[in-house]
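Asks: Single-letter residue listing:
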Amino acid sequence: MVQTADVVVIGGGVNGVSIAHALASRGAAVALVEKGAVASGASGRSSALVRMHYTNEWDARLAWASFPVFQHWRELMGGPGVFTRTGFVTVVAPDYAENLRRNVEMLRGIGVDTTALDRGELARLQPFANVEDIGAAAYEPESGYADPVETVEGFRRRAAALGARIAQWTAVTRIDRRESRVLGVETSAGRIDAGAVVIAAGAWSARLAREIGLHLPMRPKAIDTVAVARPPELSAPHMVFIDNVLGNYFRPEAGGLTLVGVPCQEWDIDPDGLGTGLPPGAADRGAELLTHRIPAMERATLARGYRAFDGYSADRHAILGGVDGIDGLYLATAFSGSGFKIAPAVGACMAELITEGRARTVDIAPFGLGRFALGRSVEGRYPYAPRPDHVDPLAGRTV
Amino acid sequence: MVVGGGPAGLAAARTAARHGVRVVLVDENSELGGQHYRQMPAGFRAPERARIGRESDEGRRLIDEVRGLGVEVRLESVAWGIFDGRVVALATSGESSRIAAETLILAPGAYDRPVPFPGWTLPGVITASGAQNLVKAYRVLPGRRVLIAGSGPLLLAVAHSLLAGGARIAAICEASPMRHLWRYGPRLLPHLNFVQQGHHYRREIAEAGVPFLAGHVIRRALGGAEVTGAVVSPCDGEWRPVGGTELHYDADCVVVGYGFLSSLELSRLAGCEERYAAGLGDYVPVRSRELESTVPGIFVVGAGARVPGAAVALEEGHLAGLAVANRLGLLTGRGYSREASRARGRLLHLAGFRRVMDDLYRFGAGLHALADDLTTLCRCEEVAVSEAVAAVRDGARHVDEVKAWTRIGMGRCQGRMCGPALAHVIARATGGPVTEAGVFTPRPPVKPVRLAALARGGD
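Listed in order, the protein sequences are those of chains D and H. For the first sequence, this note's numbering assigns the number 1 to the initial residue and increments by one for each residue that follows. For the second sequence, this note's numbering assigns the number 1001 to the initial residue and increments by one for each residue that follows.
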């Protein structure tokens, strides 16, 4: 049976369902096709940090435009709230203190409630933190984290209520490209004719694109996370930390747990065949990083650990927008482990782009696929030390 | 390397060490012996007449023998993961290490089957082996007036211990109907020692005036801040409560023991295959004649391989110890085949008794109909049965899907407490078999580990 839609969205992760929701709320006939259950890929295992601090203005603007949606989820989306406010700090080594202050200025210019702290101020704010190797910190009192599965489920529920067709357990087998335009998709449940197709398939995107002759400069990489149960003296939730000195992050989780991101250098994994267990050594490394920053965590216990993945672009920023030469094809992918917090704005921007020809909420032109050929990057002028697991082990190799 | 210092692990270590195998024996407790040979903690003393059961003396002898054979014993060491085949990750409170073992004998034991029913999370509702532990190792009575509900010979043993300790027992509710016992007579003849012990317990319980209600299950525990009583009712052959008569008992402690589940986390993580045994209501690892799992070099023995009773565990450990010695070329030819076939003969003999027990106390899946919608299913994350049912309504079919949507199984117990019950909730909601709901994908750590230990890893 052939179905028709205005837009087909491929992928039921947080950005896919957000785009479907935004399109449906603009009255478009949307079909979202997901080969598993929604949130069964990277989104469901995301740590779902909600913060605005970026070293580039464009990501920061997307995060800032998304923030009210998380904060006021219940009013805007119905269903249970998804956001937990904890406060957020990101810390950098002394060499990058000046860059951090400039980024805080940039963020304040956008409107973000953030301040730069010195070492002593941070120690007063989070007295259990080891601050000796820290040069400066950026503080966002309103930030925190979200429940990723509930967020995806909320977008799905609202999108479906607005008339979007959400087909789970349905795989896209082929995008139908005729010369310079797309005509729809073939799925395991039949064909869908559509004037526009959005690839929001995360780690699976490059494979889908390759089949229609489109090269996306992105590679799938594994992501390791461990959860630890905090000791009684740290039972009150701490803030969300991004530690640019050590190159990881940690955040509190319900039930007295803390989630710790562990740098992982496993590239070009197969998202269909990847085991979800931790590799040997990951827990040890996570323990080392966390106990360095919060020494009292030595008395914490490792509660669980899991492996996830995402598609990482060549400059570790998302690829958003249309594709020159293929009318009707849109990309919202390669979020590079950082796509959760910007999903509400990405949905709005992509819907605007598709229905009106231009994104108004935030200018997403800098995220276009064309930037790679032009040698441009989204990165801002004041970056921090690159995260060890973001450095390409095959540097020099074209991705 | 042997994981687990209960009867099976001790016997395996003893036999292997006797034949010259270098053995590392790992146990997470501070004493060897496991649940069966539970020793009083160091520093505890009790007068001779207050000692309960002979098991601890037998255990003492076995432990002393194992230590005398030069087995490297690592106590308070948690085996929290298996990586790349047979590399076992260990952690104590202060250190972690990884040991690459040539062969691995897993004897991780079992734990009480968690059965959600209204009120099961109230303080004062405890497991049968928890109660046995308190009385045997710490000489502490869990309550003054105790209701015991469950199935299996352990109920009688717990009642015996509690009575010896001076508690009053309100009633014992055995879920199995216990009818037509005479049928088993001929098959039980070779096992009179076990029968006599059971009979002795029953007589003692009858003399104490304790009602023994066969074919009854617990319906709910009552109370606010702590348990004050419980309601029981008759059940059918599938342990499904049948309406009508409900009996109320006042009690300040409710002991629940509906049999055991094997601790299969490590073997599952190593990739050992298992099959579901409906009569036991649990998964059983697939094993060869040598008790080797489907992963070469990994043996699974004792209660961890779904074998009740210390006698069987001892023989299984012994047999696996022989097989390992044989594998390493330390016991070969006639010597090995003679010893191994003797052990197999004794196991075969014990298997007769085991089959009677399995039949008599056949697991009834109706047990998992005790929980109502509001009953907590996942204690760690405090998620109710209704949320799991809602997830199934939304299309979840596997325990891992329900986990992702509801957080059931994400807590500190690693899903040991809620996983089996969740599979039954899914099966009931879909009308499909419980095996289709599957088991949680095992991931390290299978047990919680201290970060200080990991941060100071050996490598």
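Hints in this document: simulated from the structure, not taken from any laboratory. Note that this is a predicted model, so its numbers are computed, not measured. Misleading hints may appear alongside valid ones.
[Unchecked claim] Okay, the calculated beta carbon distance ranges per label pair:
id, chain 1, residue 1, chain 2, residue 2, range
1, D, 267, H, 1030, 39 to 47 Å
2, H, 1328, D, 273, 31 to 39 Å
3, D, 26, H, 1225, 47 to 55 Å
4, D, 276, H, 1209, 52 to 60 Å
5, D, 324, H, 1276, 53 to 61 Å
6, H, 1123, D, 377, 29 to 37 Å
7, H, 1084, D, 325, 42 to 50 Å
8, H, 1030, D, 235, 56 to 64 Å
9, H, 1276, D, 273, 24 to 32 Å
10, H, 1144, D, 141, 47 to 55 Å
11, D, 391, H, 1123, 48 to 56 Å
Built from N, CA and C at the ideal position, the CB exists for glycine as well.
Asks: Now tell me, hint by hint, if it's right for this structure.
Replies: Results of checking the hints against the structure:
1. 267/D <-> 1030/H: 39 to 47 Å: 44 Å, holds
2. 1328/H <-> 273/D: 31 to 39 Å: 35 Å, holds
3. 26/D <-> 1225/H: 47 to 55 Å: Given range 47 to 55 Å: holds, Cβ gap about 54 Å.
4. 276/D <-> 1209/H: 52 to 60 Å: 55 Å, holds
5. 324/D <-> 1276/H: 53 to 61 Å: Given about 55 Å between the Cβ atoms, the range holds.
6. 1123/H <-> 377/D: 29 to 37 Å: 59 Å, violated
7. 1084/H <-> 325/D: 42 to 50 Å: For residue 325/D against residue 1084/H, whose Cβ atoms are near 47 Å apart, the range 42 to 50 Å holds.
8. 1030/H <-> 235/D: 56 to 64 Å: At 26 Å between Cβs, range violated.
9. 1276/H <-> 273/D: 24 to 32 Å: With Cβ atoms ~25 Å apart, the hint holds.
10. 1144/H <-> 141/D: 47 to 55 Å: 53 Å, holds
11. 391/D <-> 1123/H: 48 to 56 Å: Holds - the Cβ-Cβ distance for residue 391/D and residue 1123/H, about 52 Å, lies within 48 to 56 Å.
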